[in-house]
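Trainee: Read off the chains here:
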Amino acid sequence: MEHRDDVGAKLGMWIFIFTEILLFGGLFLVYAIMRNHYPTAFHQAAHHLNAFIGTLNTVVLLISSATVAMSVTAVQKGDRKLAVILLFITLLCAGVFLINKYFEWGHKIHIGLYPGSDLMISLDRGWVMFFSLYYFMTGLHMLHLVIGGIILTVILFKVRSGSINAGKFVLLENGGLYWHLVDLIWIFLFPLLYLIT
Amino acid sequence: MHHESQHITPYTTHIWVLITLLALTFVTVTVTWIDLSALTVAIALLIASTKAVIVLTYFMHLKFESVLFRVLVFMVLLIYTLVILFILSDYLMRE
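Chains D and F are the protein sequences, given in the same order.
What the first sequence shows, in the numbering used here, is residues 2 to 198, in sequence order.
What the second sequence shows, in the numbering used here, is residues 77 to 171, in sequence order.
You can trust all of the hints, since none of them are fake.
Partial selection, computed: residues in chain F whose CB lies under 8 Å from chain D: (1) T85; (2) Y87; (3) V93; (4) L97; (5) T101; (6) T104; (7) V105; (8) T108; (9) A124; (10) V131; (11) F135; (12) V149; (13) Y156; (14) Y167.
DSBU-like cross-link-like pairs, simulated, lysine-lysine; straight-line CA separation at most 35 Å: (15) F:K139 x D:K159; (16) D:K11 x D:K102; (17) D:K102 x D:K82; (18) D:K78 x F:K139.
Per the computed footprint, the stretches of chain D lying under chain F, defined by three or more beta-carbons under 8 Å from a beta-carbon of chain F, are: (19) 11-17; (20) 33-47; (21) 59-66.
What the hints contain is simulated information worked out from the structure, not anything from laboratory work.
For clarity, every value in this text was computed on a predicted model and none was experimentally measured.
Note that the Cβ used here is the ideal one computed from N, Cα and C, for glycine as well.
So that you can see chain F by itself, here it is in the shape it has in the complex:
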């Protein structure tokens, strides 16, 4: 097999990504101290999703992979989210 052109992520990028992720962890811990009732879950999930996207993009290297991988991961996560939303809406609308 031919070898794809290698991308080497600099150490500094990983350090910055780590700092960002730690900062977001700090934010999510602090935010839950403030009582925002119904919003708390939404904010926590939003921050967690942001962290997940950062991990997928940089640590899991998707930013530098071929289109195949990026499309595949995006589609799987999209379908997964839709399935969860459909099931939850079905559950919540039943009496």
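Next up, chain D with everything else stripped away, as it sits in the complex:
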């Protein structure tokens, strides 16, 4: 009989998620202290972020989280076709998120606002801190989203081939946990960067 430890696998995934919380936690701490240090600059600089794109991406990520969660239900019920469709919608949402980010970052880079640019160097320190944190935090989040997308693509094919099925789906659950983590981080990034102006 094949050796399996689903509880152990999930426990491992959670411990990994804790390290991710620490990683982003440190950045949130830097954000809090810098915000306190340069209140007016953070206040004004945040106005230059596109709150509409931020809101749109929040909605897209929430939908993608729901479809991953629903794909677990579909696999548990043995509905392979629906599970594949739901995972595909999730990946589609990830694509929409990245396209939005492309336009958002693209616009800023176009006007010369990126780390190391002449414009950035000429700005006040508070502004530099805000945009540096903005690029680093949303960039690190985006990296997680891309990795999550790759993991979910592999999982989609495994669901389709039937190697993830109603009796064996811990990989889908763990991939889902990672995707929800990406969502969780965005839940905090969005109001802190885009809304509080």
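Starting from the structure of chain D, add chain F where the hints point.
Mentor: This is chain F only, laid out in the frame that chain D set:
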């Protein structure tokens, strides 16, 4: 390994959770339009934390996991919050 009794979350639950999360997003966007100065950050963080708890409970399935997972996640988040608060209070009280 023995298999734990499976819990299947109905599709409708996930749909309702999604609707709740979208509603909270709408609230947080609307609230920031109103200028509440110092309260704005607190309200935004409160709504974000509520959304996070909902995601952890339903999407991340903690409500239906064993006590081990729930205690573990709760303790880690508690320690994390305390560490953040201690560091911030240390920073704010320095002159």
